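A.B. asks: When you get a sec, could you build the whole thing from the sequences and use the hints?
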Amino acid sequence: MAGLWGKPRNAGIFLVSTMNKLWRNCHVATMAGGKYSIIRDAAIVTSGSFIEWVGPLQQVPSEIFSEEIDLNSAWVTPGLVDCHTHTVFGGNRSAEFEQRLEGVSYEEIAARGGGILSTVRATRVATEEQLFEAVAPRVESLLRDGVTTLEIKSGYGLDWSTERRMLRVAQRVQETYPVTIKKTTNTSTTSAR
0 MAGLWGKPRN AGIFLVSTMN KLWRNCHVAT MAGGKYSIIR DAAIVTSGSF
50 IEWVGPLQQV PSEIFSEEID LNSAWVTPGL VDCHTHTVFG GNRSAEFEQR
100 LEGVSYEEIA ARGGGILSTV RATRVATEEQ LFEAVAPRVE SLLRDGVTTL
150 EIKSGYGLDW STERRMLRVA QRVQETYPVT IKKTTNTSTT SAR
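Take the sequence shown: its position 160, counting from 1, is numbered 159 in numbering that gives the first Met the number 0, and each next residue is one higher.
What the hints contain is simulated information worked out from the structure, not anything from laboratory work.
One should not assume that every hint holds.
What the hints assert, rightly or not - Cut-off 20 Å, straight-line C-alpha distance, at most; resulting in silico cross-link-like pairs (SDA-like, lysine to any residue):
| no. | residue 1 | residue 2 |
| --- | --- | --- |
| 1 | Lys181 | Lys34 |
| 2 | Lys34 | Val75 |
| 3 | Lys182 | Arg164 |
| 4 | Lys34 | His85 |
| 5 | Lys182 | Thr148 |
| 6 | Lys181 | His83 |
| 7 | Lys20 | Lys34 |
| 8 | Lys182 | Leu142 |
| 9 | Lys34 | His83 |
Unchecked claim - Derived CB-CB ranges, DEER-like:
| no. | residue 1 | residue 2 | range |
| --- | --- | --- | --- |
| 10 | Ala31 | Thr175 | 31 to 37 Å |
| 11 | Gln98 | Gly47 | 47 to 53 Å |
| 12 | Asp69 | Arg111 | 37 to 43 Å |
| 13 | Gln173 | Phe96 | 27 to 33 Å |
| 14 | Glu107 | Gly32 | 35 to 41 Å |
| 15 | Ala28 | Ser65 | 22 to 28 Å |
| 16 | Thr175 | Ala28 | 25 to 31 Å |
| 17 | Leu100 | Gln170 | 23 to 29 Å |
| 18 | Gly114 | Glu139 | 50 to 56 Å |
It should be emphasised that the depicted structure is a prediction, and the values quoted were computed from it without experimental measurement.
Where a beta carbon is used, it is the ideal one built from N, C-alpha and C, also for glycine.
C.D. replies: This is the structure in structure tokens:
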């Protein structure tokens, strides 16, 4: 649901406020009580970026809402967590995917200058701005798919300066987008190549 990126607060407890918004005409998938459940013909009450109440539309607490938003029978689900990504990197290896589909081995691709080391080379020469421009559409795609928490690993730099640059870009993602970022430095792969 566009614009609702907040974390639940006081789940199941309704707080009286004249600033609450009512999001109605939706279906909700929840993990209430620790198990998956569905509420059809549901409603959500929010205050700012916090969810104050979720339940069947017929049980919405009576009050005057500052705004009512019709979700046109959309499904509302908990935010998704992508717990293992390498979204910050330079270069593009999509042509290698095509080659693999045509039966070319990874070893052959690497011998021709492709493979992971081509990503390392492209990442090392990319500026922070270039890396951010490359990561932006990846993050935006994840947000459209419902991801609200994203772990971003470094690892394609294989040297300290590039690894730090990648983590600075991950921090910029956190500051730019409505997503929780967990940064991980993949220093186990860092070597003097």
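A.B. asks: All hints are to be evaluated individually against the structure, with a verdict given for each.
C.D. replies: Hint-by-hint comparison with the structure:
1. Lys181 - Lys34: 26 Å, violated
2. Lys34 - Val75: Measuring from Cα to Cα gives roughly 16 Å; hence the hint holds.
3. Lys182 - Arg164: 12 Å, holds
4. Lys34 - His85: 31 Å, violated
5. Lys182 - Thr148: 11 Å, holds
6. Lys181 - His83: 10 Å, holds
7. Lys20 - Lys34: 27 Å, violated
8. Lys182 - Leu142: With a Cα-Cα distance of about 17 Å, the restraint between lysine 182 and leucine 142 holds, given a limit of 20 Å.
9. Lys34 - His83: 24 Å, violated
10. Ala31 - Thr175: 31 to 37 Å: 32 Å, holds
11. Gln98 - Gly47: 47 to 53 Å: With Cβ atoms ~50 Å apart, the hint holds.
12. Asp69 - Arg111: 37 to 43 Å: 55 Å, violated
13. Gln173 - Phe96: 27 to 33 Å: Because 29 Å falls inside the window, the suggested range holds.
14. Glu107 - Gly32: 35 to 41 Å: 53 Å, violated
15. Ala28 - Ser65: 22 to 28 Å: Holds - the Cβ-Cβ distance for alanine 28 and serine 65, about 26 Å, lies within 22 to 28 Å.
16. Thr175 - Ala28: 25 to 31 Å: At 28 Å between Cβs, range holds.
17. Leu100 - Gln170: 23 to 29 Å: Violated, at about 36 Å.
18. Gly114 - Glu139: 50 to 56 Å: For glutamate 139 against glycine 114, whose Cβ atoms are near 27 Å apart, the range 50 to 56 Å is violated.
Hint compliance for this structure: hints 1, 4, 7, 9, 12, 14, 17 and 18 are not met, and every other hint is.
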